[in-house]
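Novice: Let the hints inform the model, and build the full structure from the sequences given.
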Amino acid sequence: MPAENDRMGNGSVETHEESQEEASVATSDDHLADLYKKMALIRTFEEATQRGFRQGKIGGYLHVYIGQEAVATGFIDAYKEGDKVITAYRDHAFPLLLGSDPKETMAELYGKRTGLAKGKGGSMHLFDIERGFYGGWGIVGGHVPIGVGMGYALRYNETDQICQLYLGDGAVNIGPFHEAANLAGLWGRDGMNATLFIVENNQYGMGTSVARSTAMTDLSAKFNAYGIENEKVDGMDLEAVLECAHRVTEQVRETGKPYAVEAITYRTAPHGAADFFEKYRTKDEVKKWRERDPIGLLEHKLLERGTLDEDRIEEIKDEMKETIDEVTTFAEESEEPPIEELYTDVYAGEDEYMGEEE
Amino acid sequence: MPAENDRMGNGSVETHEESQEEASVATSDDHLADLYKKMALIRTFEEATQRGFRQGKIGGYLHVYIGQEAVATGFIDAYKEGDKVITAYRDHAFPLLLGSDPKETMAELYGKRTGLAKGKGGSMHLFDIERGFYGGWGIVGGHVPIGVGMGYALRYNETDQICQLYLGDGAVNIGPFHEAANLAGLWGRDGMNATLFIVENNQYGMGTSVARSTAMTDLSAKFNAYGIENEKVDGMDLEAVLECAHRVTEQVRETGKPYAVEAITYRTAPHGAADFFEKYRTKDEVKKWRERDPIGLLEHKLLERGTLDEDRIEEIKDEMKETIDEVTTFAEESEEPPIEELYTDVYAGEDEYMGEEE
Amino acid sequence: MPEKTYREALREAMSEEMERDDSVVLMGEDIGVYGGTQLVTDGLLDRFGPNRVIDTPISEDGFTGTAVGMAMMGMRPIVEMMTMNFSFLAVDQIVNHAPKVRYFSGGQVEVPLVIRGPNGGGVQLSAQHTHSLESFYGQFPGLKVVAPVTPHDVKGMMLTAIRDPNPVVFLEAGALYGTKGEVPEGDYTVLFGKARIAREGDDVTLISYGRQVNLCLQVADKLNDEDDIKAEVIDLRSLRPFDEETIIESVKKTHRAVAVQEQWRYFGVASEVTAIIQDKAFDYLDAPVKRVSGAEVPGPYARNLELAAFPSEEQVAEAARQVLYLEVV
Amino acid sequence: MPEKTYREALREAMSEEMERDDSVVLMGEDIGVYGGTQLVTDGLLDRFGPNRVIDTPISEDGFTGTAVGMAMMGMRPIVEMMTMNFSFLAVDQIVNHAPKVRYFSGGQVEVPLVIRGPNGGGVQLSAQHTHSLESFYGQFPGLKVVAPVTPHDVKGMMLTAIRDPNPVVFLEAGALYGTKGEVPEGDYTVLFGKARIAREGDDVTLISYGRQVNLCLQVADKLNDEDDIKAEVIDLRSLRPFDEETIIESVKKTHRAVAVQEQWRYFGVASEVTAIIQDKAFDYLDAPVKRVSGAEVPGPYARNLELAAFPSEEQVAEAARQVLYLEVV
Ligand SMILES: Cc1ncc(C[n+]2csc(CCOP(=O)(O)OP(=O)(O)O)c2C)c(N)n1
Ligand SMILES: Cc1ncc(C[n+]2csc(CCOP(=O)(O)OP(=O)(O)O)c2C)c(N)n1
Ligand SMILES: [Mg+2]
Ligand SMILES: [Mg+2]
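Residue numbers (my numbering), protein chains in the order written: chain W, 289 to 646; chain X, 289 to 646; chain E, 10 to 338; chain U, 10 to 338.
Keep in mind that the hints were calculated from the coordinates and are not lab data.
From the three backbone atoms N, C-alpha and C, an ideal C-beta is built for every residue, glycine too.
Any given hint could be a false lead.
To spell it out: a stretch of chain W is covered by chain U in this simulated footprint if at least three of its residues, at any positions, have a beta carbon under 8 Å from a beta carbon of chain U; those stretches are [unchecked claim]:
1. 403-411
2. 461-474
3. 483-490
4. 624-637
Specialist: Here it is, written out as C-alpha cells:
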C-alpha cells in the first residue's frame with residue numbers, strides 16, 4: 289500500500305481498485321482507517337459546499353450527505369471494476385468514493401467548465417461514466433427504473449458486474465419505484481437482474497417522516513411484494529455496512545438476482561441547503577442521532593482500538609481541510625463554460641443543435 | 289317481496305334497496321335464486337354484446353364479464369344506498385347489478401343517444417352516478433387513485449358509506465395502484481378511507497398471466513406493504529363471495545379503514561371481443577376453469593338443494609333471453625346522438641365549448 | 010390598496026375560500042407541517058387541520074388521482090405540485106382522467122379541481138427542474154390552463170379557479186413568489202379567458218404571459234426611452250380559454266407583433282399567437298409576427314448558460330425593432 | 010418492388026436490425042407470447058428469445074425507464090406502447106429523463122432508444138384512447154419525434170430510429186397497420202428532418218403528416234377533378250427535427266397553404282407550420298394560412314360524433330378554396 293500522503297496527494301480519494309486488493313481484509317483496522325479518511329473527506333467536502341451555497345457561489349438545489357457517509361462508503365468498498373452506481377440528487381459522496389477528482393466534482397457545483405459535467409448539470413447531476421458513476425438524478429424515483437435497466441444490461445452482456453442503486457425512504461412511495469422493483473424481481477428469476485437496491489432510510493423525505501408517508505414503515509419488507517430478498521443494516525455503523533455490502537454484493541454478482549438493503553441512517557443536515565426552518569423534527573431528535581454520527585462512531589472505535597490516536601485524527605482532519613481548500617479554490621478560479629456549450633450535448637451525433645442561434 | 293316477474297318486468301335487475309332488506313338472510317336459498325337470475329342476466333347480456341360486436345354494431349373495445357359474474361354479484365349484494373362503485377373498462381355487470389336500465393346500458397355500447405352516457409362513452413365508460421356507479425375507466429390502474437379519493441370524500445362528509453373499488457390482476461403492477469394503496473393505508477389510520485379494494489384476479493392481464501407479470505404472485509399480500517388488511521375469496525363461489533362481501537363491507541363502513549379482497553376468478557371469454565387468437569393459454573386450462581363456472585356452480589347447488597328445478601332454470605334462461613332481446617332491439621332502434629352533442633359536456637358551466645364550429 | 014407578495018396573495022385566496030367553503034381542501038407534499046417549500050401554504054395546517062391540509066407522500070400521480078375522485082364527489086381539492094416539473098408523473102391523471110370524465114360520462118360528473126405550483130425556470134435548477142408547461146397542458150380540451158403574473162391576478166384567478174367546476178392547471182410564476190403588488194382585500198375574481206393590457210401603445214404589440222410579461226414591460230420602457238416607440242404589452246393570463254380578441258384588436262391598431270415565451274419555440278404558445286394573428290388579422294399586418302423563445306436546449310445549470318437560455322431584453326427589443334423595420338434582419 | 014403492409018414493413022425493419030445488431034431488444038406489454046395487440050411483433054419471440062423480446066407487466070413508466078438504463082449501457086431498446094395513450098404514464102421518463110441526461114451529464118452518455126406505438130384516433134376508442142401526440146412530444150429538445158405514414162417510410166424511418174443515438178418517439182399511424190404499399194427489400198433508411206412531397210402542384214400547398222396525408226391526397230384529387238386546382242401535398246414525416254425548408258419552398262411557389270392535423274387546434278403542429286410560413290415566407294403569402302384540426306373535444310364514442318371530430322375531406326377542401334378565395338369565408 290502506498291503511503292497515505294501519496295494516495296491523497298492529488299486531493300482524490302483512494303480509488304476502488306486499491307481497496308479491492310484488500311477485500312479479504314475488508315474490515316482490518318488499516319482499511320477502516322482509510323475509510324475513515326474517506327468519510328472525513330466527504331464530510332469536509334459537504335461542509336464546504338454548504339458554505340459555497342450560502343455565499344451564492346453554488347446555485348440551484350444543494351443536498352448534502354452529512355450523517356449518511358457510512359452507507360455509500362461501506363457499499364462502494366465492495367465496488368468492483370465495471371460495476372455501476374446510480375443515485376438521486378444527494379450524490380456528492382459517490383464520485384468522491386469512486387475516484388473522481390474532488391476538484392472537478394466541486395467545480396460542477398460551481399457551474400464551471402472544469403466540472404464533471406462541464407458545469408451543465410450542477411449538484412444534482414454529477415456523472416462520471418468512466419468510473420462507473422451514472423448520476424446524479426433529480427426526480428424522486430425516476431432513476432430507479434433506469435438502474436434496474438442497467439442491472440438487466442449487465443446480465444445481457446454476460447458480465448458479473450452489478451448495479452448499486454441508491455434511493456431514499458421518500459422514493460419508496462412513488463409508482464416508478466414499485467414498477468421497477470417488480471421488473472427487477474421478475475427478471476431476477478432468470479438471473480437477469482444484477483441490481484442491488486440500497487434504500488437510504490434517513491428518516492425523512494424533505495419534511496415528511498417515514499411514519500407520515502406510509503402506514504407500513506418497514507421499508508425493506510416492501511420488497512417482499514416483488515419477490516426480492518432483503519434485509520436491514522445499521523447505516524451509521526461502517527463495520528456493519530461493510531459486512532453486509534461485501535456479502536450481498538457477491539450474492540447479486542453470482543446469482544444475477546436483485547437484492548435490497550435498507551440502511552437505517554439519518555440526515556443530520558437540513559434537506560436542502562436553502563432549507564433552514566425545520567419544523568418537522570426536534571432539536572433533541574437531531575441531537576440523539578448525532579450521537580451515532582457515523583464518523584464519530586468510527587473515530588471512537590479506532591481510538592479505542594488504538595488504530596488511530598487523537599493527534600493522527602487531528603492531522604487527518606487538517607489534511608482534509610487543506611485538500612478541500614484547494615478543491616474550493618480550484619472551483620472558484622475555474623472559468624464558466626463557454627457560451628457555445630449551451631448548444632452542445634442536446635443530441636448525440638451530427639445535428640447537435642436544432643434551434644437557431646440568433 | 290314483489291313477484292319475480294314484476295321485478296324483472298322492465299328488464300332491470302332487482303335494485304339493491306330491495307336486496308338490502310334481506311341482508312340478514314343474505315345466503316338464504318330464495319336470495320340465492322334471485323342472485324342466480326342476476327348472474328344469468330349478466331351472462332345473457334354479455335353474450336348479446338359479443339354478437340353486437342361481431343355484427344359491427346358495437347365499436348371500439350369490448351370487454352365482457354363472462355366467468356367473473358359471482359364477484360360483482362356478491363359484492364354488490366352488500367351495497368347500501370349511498371355507497372359508490374368504480375371499476376375499469378370491464379364494467380357492464382356493474383350498472384346491471386346496481387339497477388340501471390339494461391336497455392340504456394346496451395344503448396351506450398351501441399353509441400346511441402339513449403345510452404347511459406348519451407353514447408359518448410361506450411362500453412368502457414358506463415356511468416350511472418344516481419345509482420352510485422362512477423364508471424367505467426379505460427386506463428389500467430388510472431381509476432384506482434380516483435376510487436381512493438372517493439373513499440376519502442365519503443369519510444370527509446361524515447358518512448358510513450363506502451367505495452367498492454374493483455381492479456384487475458394486471459393493474460397491481462402499475463405505479464398508480466401502489467401510490468393509491470399507500471394513500472389509502474395512510475388515511476385509513478385515522479379512519480379516513482372507506483375504500484374496499486376488490487382485486488379480480490382472473491389470472492390474466494390480456495395475454496399475460498399473473499406468474500409472468502410478477503415474481504410475487506400472492507396479490508392480496510401486496511397490500512401488506514401499505515398496512516391494509518386483506519384476504520382471498522373464491523370468486524367462482526357466490527356463497528363464499530357473499531359471506532366475505534357482507535363481512536368486510538361492514539368492517540370498512542364501521543372503521544373507515546380500507547380493506548382488500550383478492551377474488552380468485554377466471555375470464556373464460558377472450559380479453560376483448562376482437563381478440564380471437566389466444567396463444568397464451570390452453571383449451572384445457574379454459575375447460576378446467578369452465579367446470580367451476582360461477583353460474584354452473586350455483587345452478588348445481590340450487591338444483592341439489594331443490595331451490596330450483598330444471599324447468600325453472602330453463603324458464604329463467606328463456607326470460608333472460610327475452611329481456612335481452614328487447615334490450616338489444618331497443619339499442620338497435622335508438623337514434624344516434626344529435627351532432628350538437630359533440631360539443632357539450634366538454635366543460636361544466638357556461639362555456640361548454642371553446643372551439644369553433646365551422 | 011395594500012401591497013402584498015404573490016405568495017401572500019395566493020395564500021389569501023386559498024385560505025379565504027377555505028373559510029367560506031368547507032369543501033375546499035389542500036393536498037401536496039410538505040404543504041402542512043413544513044408549510045410548503047415555497048411557504049405558500051404556511052400556517053394553513055394549524056388553521057384548518059390535517060383533514061383539510063393534507064400532507065401527502067411523494068406520489069404525484071396517486072394524490073392527483075385521489076383529488077379527481079374527491080372532486081367528483083363534490084369536494085374542491087387544490088393540489089400543489091411542489092414544482093410543476095413533478096406534474097410529469099401525474100400527466101395521466103391531469104390530461105387523461107380529470108378533463109375527460111365529464112365528456113365520456115355524458116355530463117354526469119364535474120371535476121372542480123385545481124392543480125397548482127411553480128412553473129418556469131428558476132435560478133440554476135438545471136434540466137429536470139426547468140420547464141414552462143403552458144402549451145403542454147394547454148392543448149387538452151376539458152382542462153383550463155392559466156398563468157397569472159401579478160399578485161392581483163394570482164388572487165383573483167385562484168378564486169376563479171377554485172370556484173370553476175372544471176379542472177384547472179394553475180401555473181404560478183415560480184420566480185416571482187416574493188414580488189409585491191396591489192392586492193384588494195376580500196373577495197374578487199379575475200375571470201379566465203380575458204387577456205390584460207399591461208401597457209398601452211400604438212406602435213407594436215408585445216404578447217406574453219407569466220414572468221415574461223415583466224420582461225416585455227421592461228422592453229417597452231426601453232423602446233420608449235431609446236426610440237420613442239410605444240409598445241403595447243398584452244398579458245394573456247389564460248391559455249385555455251384563450252382570448253383571441255384582445256390580441257387581434259391590438260394588432261389591428263399596431264400592425265406589428267412580437268410573441269414572447271420562456272418555453273421552447275416549437276409548438277409553443279408564441280406559435281399559436283402567431284397563427285391566430287395571421288389568420289384573423291392578416292390584412293392588418295405590416296410585418297411577420299416575430300417569436301422570442303427560450304433556447305432550444307434542456308435547462309443548463311451554469312448561470313451564464315442559463316441566462317443565455319431564457320429570453321432576454323435584448324432579444325425582445327431586437328424582435329420589436331425588426332417588426333418595425335428599424336433593424337435589418 | 011414488393012407490396013407490404015405498414016405492419017409488415019415495421020416488423021421487417023425491427024427484425025432485420027435485430028439480426029444485424031445484438032444490442033437491439035424489444036420491450037412492451039404482450040409483444041411476445043401474444044404477438045402484440047397489433048401483431049407488429051408477431052413471431053419475434055420465437056425468433057429472438059425472451060431476453061430480446063421482453064414481455065413486460067403493465068407498468069409503462071417502469072419499463073420505459075429500464076429501457077433508458079439499457080440504452081445508456083449501449084443496448085438499443087425499442088419500447089412498444091400498446092397504444093400511445095398509455096405513454097402518458099411514462100411521460101416523466103420520455104420527456105424528463107431520456108432526452109435530458111445527455112445534456113446534464115455534459116455529454117457523457119447516449120440514449121439510443123425508440124418508443125413506438127399506434128398514435129391517433131381509431132374507430133370508436135373514445136376519449137381516453139384517442140390522442141394525437143405530435144406536438145405534445147415534439148416540444149422537447151433532446152427528443153426526436155417522427156410520424157411516418159407510408160409502408161416505405163415506416164421501414165426506412167424505423168431503421169433510422171434504431172440507429173439514432175438519441176431517444177426517438179416513433180408515432181405510428183394507428184389506423185393504417187393494414188394498408189399496403191411498396192417496400193424495398195433489405196436495408197435502406199429514410200432520414201429524419203426531410204419532408205416528403207407526396208404530390209406536386211402549383212396552386213396551393215396542403216401540409217400534413219400521419220394519416221391526414223392520405224386525406225390531403227384525396228382532397229388534392231377532388232380539387233383537381235372539381236376545380237382543376239393543382240394542390241401540392243407535403244408529408245412532414247418528422248416533427249422534431251422539423252423541415253422548414255420544404256414548406257417554405259413550396260409556399261414560395263403556391264403562395265397559399267393549408268395545414269391539416271388530427272390533433273386539437275391549440276398549440277398543435279398546424280399552428281407551428283403557420284407560424285413558420287408567416288415568418289419565413291410572409292411576402293409570398295397571398296392569403297392567410299388556414300388550419301384544419303380535430304374538433305376541440307375529447308374523443309367521442311358514437312361513430313357519427315367521432316367522424317365529425319376528425320378532419321374531413323370537406324373541411325380541407327373548403328380551407329383550400331378559402332385560401333384560393335374561391336369561397337367566401
Ligand atoms: C417526483 C418528485 N417529487 C417531488 C420532488 C421534490 N423533492 C426533492 S427531494 C424530496 C424528498 C425525497 O426524500 P427521500 O427519497 O427520502 O431522499 P432524501 O432527500 O432523504 O435523500 C422531494 C419531495 C422531486 N424531486 N421529485
Ligand atoms: C396503462 C395501460 N396500459 C395498457 C392498457 C391496455 N390494456 C387494456 S386491458 C389490459 C389488461 C389489464 O388486465 P387486468 O388488470 O388483469 O384486467 P382484466 O382485463 O383481466 O379485467 C391492458 C394491458 C391500458 N388500458 N392501460
Ligand atoms: Mg429520506
Ligand atoms: Mg386480469
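Novice: State for each hint whether it applies.
Specialist: Here is how each hint holds up against the structure:
1. 403-411: Since 8 is at least three, the answer is holds.
2. 461-474: This one holds; 8 residues, not fewer than the three required, reach chain U with a Cβ under 8 Å.
3. 483-490: violated (count 0)
4. 624-637: This one holds; 6 residues, not fewer than the three required, reach chain U with a Cβ under 8 Å.
Violation of the numbered hints given earlier is confined to hint 3; every other hint is satisfied by the structure.
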